[in-house]
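Visitor: Sequence:
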Amino acid sequence: MPKPVASGGSTDFSQYSLAQLTHMLYDSDPATGVTTAQTWDATGKMLHEQASNLEGKLRTFDGEWRGTASDEYKRMVTDLIAGIRKVADTSLQMRDLTYDAVDSLDKARAAMPAPVDIPTVTPATVALATTPLPIDATTPAPVVTQMQTEQAKAMAAVQAQQDAIGAASAAHAQAVTVMKTLASSYVVAQTRFPPAPDAAPATPAGAAPS
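Here our numbering is used: the first residue of the sequence shown is 139, the next is one more, and so on.
Warning: the hint list may mix true and false statements.
[Claimed, not checked] Here are the simulated DSBU-like pairs of lysine-lysine, each with C-alpha atoms no more than 30 Å apart in a straight line:
#: 1; residue 1: 224; residue 2: 183
#: 2; residue 1: 212; residue 2: 183
#: 3; residue 1: 318; residue 2: 245
#: 4; residue 1: 212; residue 2: 224
#: 5; residue 1: 212; residue 2: 195
#: 6; residue 1: 195; residue 2: 224
#: 7; residue 1: 245; residue 2: 183
#: 8; residue 1: 183; residue 2: 195
What the hints contain is simulated information worked out from the structure, not anything from laboratory work. Remember, predicted model here, so these are calculated numbers, not experimental data.
Kindly produce the complete structure, drawing on both the sequences and the hints.
Guide: Structure (structure tokens):
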């Protein structure tokens, strides 16, 4: 079954029930995101450390060997260091984006409303609550009192159901807003994804590739 989508191509969360939206939200584990972010962090820092070690070795080597071969070697190592740092910076950017995604997920979970139970009211109870009592001058007072008491209970049950329906509708609207906000934060995060370290620079509009 295809997902309901809005006219703009995004998911139409209003077509899902509160229970379905809650399931969507809790299908992702923030702890997994934190672990992923920590991995990006460790990778980025390790690569920067390796680049620094290479820089130190290059400084130690400088002056001990001269000539064309020496210059080529220095350029090669310098390019290698730059490449390592570029990958390291990309890893740290991914760390930040992942932490942002986890933060958005935590906020969404905190804002997601609890489910609302709607009590069942039988047709007989609705009829008792909405139908005038068959009371006349000959109806004994105790019977009148009992009938009025039963009708008051029925009216209270119907009112409780209506209140619950209203609360459920409000909770669903809030859940839809929560999911829209979360989805928007993910879209923004996608636009901030760094390019792959080996990606070619973007070609300006109208310019021919070299």
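Visitor: None of the hints should be skipped; say for each whether it holds.
Guide: Outcome of the hint check:
Restraint check for residue 224 and residue 183: the C-alpha separation of about 12 Å stays at or below 30 Å, so the hint holds. With a C-alpha separation of about 24 Å, the suggested pairing of residue 212 with residue 183 holds against the 30 Å cut-off. Taken as a hint, the residue 318 and residue 245 pair is honoured in the structure, with Cα atoms around 13 Å apart against an allowance of 30 Å. Simply put, residue 212 and residue 224 have alpha-carbon atoms about 18 Å apart, close enough for the 30 Å limit, and the pair holds.
The suggested pairing of residue 212 with residue 195 holds, with an alpha-carbon distance near 11 Å, which does not exceed 30 Å. Taken as a hint, the residue 195 and residue 224 pair is honoured in the structure, with Cα atoms around 19 Å apart against an allowance of 30 Å. The straight-line distance between the Cα atoms of residue 245 and residue 183 is roughly 28 Å, inside the 30 Å bound, and the hint therefore holds. With a CA separation close to 19 Å, the supplied pair residue 183 and residue 195 stays within the 30 Å bound.
Hint compliance for this structure: no hint is broken.
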